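**Q** Fit chain B to the given chain A structure using the hints.
Just so you know, the protein sequences line up as chains A and B, in that order.
Sequential numbering of the first sequence, starting at 1, is according to the working numbering.
Sequential numbering of the second sequence, starting at 1001, is according to the working numbering.
It is worth saying that the hints were derived from the structure and are not from the lab.
Mixed in with the good hints, there may be bad ones.
What the hints assert, rightly or not - EDC-like cross-link-like pairs, simulated, lysine to aspartate or glutamate; straight-line CA separation at most 16 Å:
| hint | chain 1 | residue 1 | chain 2 | residue 2 |
| --- | --- | --- | --- | --- |
| 1 | B | Lys1168 | A | Glu60 |
| 2 | B | Lys1226 | B | Glu1050 |
| 3 | A | Lys199 | A | Asp229 |
| 4 | A | Lys226 | A | Glu196 |
| 5 | A | Lys252 | A | Asp203 |
| 6 | B | Lys1139 | A | Glu167 |
| 7 | B | Lys1015 | B | Glu1262 |
| 8 | B | Lys1138 | A | Glu60 |
| 9 | B | Lys1011 | B | Glu1262 |
Said to hold, decoys possible - So the derived list for chain B, only partly shown, Cβ under 8 Å to chain A, looks like this:
| hint | residue |
| --- | --- |
| 10 | Gln1122 |
| 11 | Ile1128 |
| 12 | Ser1163 |
| 13 | Ala1165 |
| 14 | Asn1249 |
| 15 | Asn1250 |
| 16 | Leu1264 |
All values derive from a computational prediction rather than experimental measurement.
The beta-carbon is built from N, C-alpha and C at its ideal position, and this holds for glycine as well.
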Amino acid sequence: MTNHELTWLPNLINSVERKSQRESYGKTLVRLGEDQRVVVLDADLSTSTHTSMFGNKFKERFFNMGISENNMIGVAAGLASTGLIPFASSFAVFATGRDYDFVRQSVCYSNQNVKIVATHAGLTVGEDGATHQMIEDLGLMSGLPNMTVISPADAPETEGAVEFLYEFRGPAYMRLSREKVPVVHQDKNFQFKKLEVLKDGDDVTIIATGIMVYAAMVAADYLKHKGLDVAVLNASTIKPIDSETILKYARKTGLIITSEEHNIINGLGSRVSEIVSENYPSVVIRHGVPDAFGESGSAWELMDKYMLNPLGIVRKIEQGLEVRKK
Amino acid sequence: MEQLGDISLLKDKAKEIRKLILLMTFNAKSGHPGGSLSATDIITYLYFRELRIDPKRPDWDDRDRFVLSKGHASPALYAALALRGFFPVEKLFTFRKINSELQGHVVNHIPGVDATGGSLGQGLSNAIGMALSGLIRKKDYRVFAMIGDGESQEGSIWEAAMSAAHYKLSNLIVFLDRNMIQLDGFTENIMSLGDLEMKFSSFGWKTRTINGHDFYEIHDAVEWAKEEIGPKMIIAKTVKGKGVSFMENNPEYHGKPVPNQELLNKAIEEIERE
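Chain A on its own, in the form it takes in the complex (with noise of 0.2 Å):
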């Protein structure tokens, strides 16, 4: 990686090849739908969505419930009661906060294994504004016992995850964005639980999620050429943490970094703040939506306004140096 512009206007998110990841979604659901224990469930969303490729296919098993997300999730949790695998879709907005008391009960307690796949999620819906960009999913849904939680980077891992979350047994969450975002993996690989270890480094550690996985690279390819190893882990899977890995690097490096398009409460940031916390006391600093909603703008218009780019996480390693000095 050469490119140095660290904020994704004017050119950084044009310099680099993008994919969609609810475009991959909807692509491998109807590869899996091939089984006939795949239902789909959506709520006036799947064109948006991507599920309505699966509804396209097998019509008898996709249930449009309209625009009402608490019955679609109700409805669900039945479905997976009777052996059925429901792949249930909205916006993140509306399939975590609107539908919390239908996840809680009717999914996580009555342990049901329902896989809610929402897109939309973050800042980069962009000019819908603050009513539909989510950041606070990631918070809502990790703290739900019982619950999986998943963030993939790009389209590709994106792909990976939807197969892991069909073979896997028990309630899920997963995030994607609207926008089509940048690719840091060749192929489909995705390691349930396991921080990947992208780019190693001695001096800095970065563990992001989601859209910030690319950035993350470009501001550690950056940092390198300052003369800073900085080492980059995707946080694809949020819960459970791998916390062995977080520890590895938190001794190693005695600085980490944690990057998301989240609230930088009960994100990522606060998860890894946690496990460090209690078992290896040093520097973690956050990097997301600092408490704040959202705006209409372009995606890409937004996440420089809000710092949510290269740029913002090498002035956030500044700071965890200054920090780590003291």
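**A** Relative to chain A, chain B alone:
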């Protein structure tokens, strides 16, 4: 239509369940006897006459399902399950106690409990999922459910109602326990529900109103429901606290057991005398 025949067994079982409801909640010093007693006769009918179930195989795929969406009526369901052989009757006296399987509100981890209930307005959706599954897998099991009248103030009940009609779920038979009382008082004072039969009917359900304490009427309604196309809503007019004079139609006993031994004895006597 199949005749109901002798109802003495059903009457006996209902009495036993009512006594157990009083004892379980008294023993637990908490729980919801009022709405359990109003639901008792319907639950008795289903478990001792209608449901195709096997206590030895609670997860049998072809079984009929019963979803108690008003999950606070757990004592009625637990008592029916115990008497039906899903677990020992003695276990009922661990209800709401530490380390017991019998949680305050129904949960699907318990043998024979098909869905979790507690936070209202979810069970009907769960039942719809089970019914849809039966449809696409070409299973001939039926899905029965019971919702409360207070519960019908939840918006999600109406989301669910819409979808059951949309998917033409002929294998779904739901009872609405119309006991007219919720925690804070009488439903029509708290948030009026009005004509629930007309509401469900306009949502596309086949509907019927019955006396929810009359086994003949329950039987006729279930036989009717099995023949009709589409989802069925049986509005069962019931009495909260049914069977115990001082509990009947008394909002105080929504979520409170009989307070002392003397009243407990009196309540049990009344039920036995019935």
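**Q** Output the indices of the hints that this structure fails to meet, ascending.
**A** When the structure is compared with the hints, numbers 4, 6, 7, 9, 13, 14, 15 and 16 turn out to be violated.
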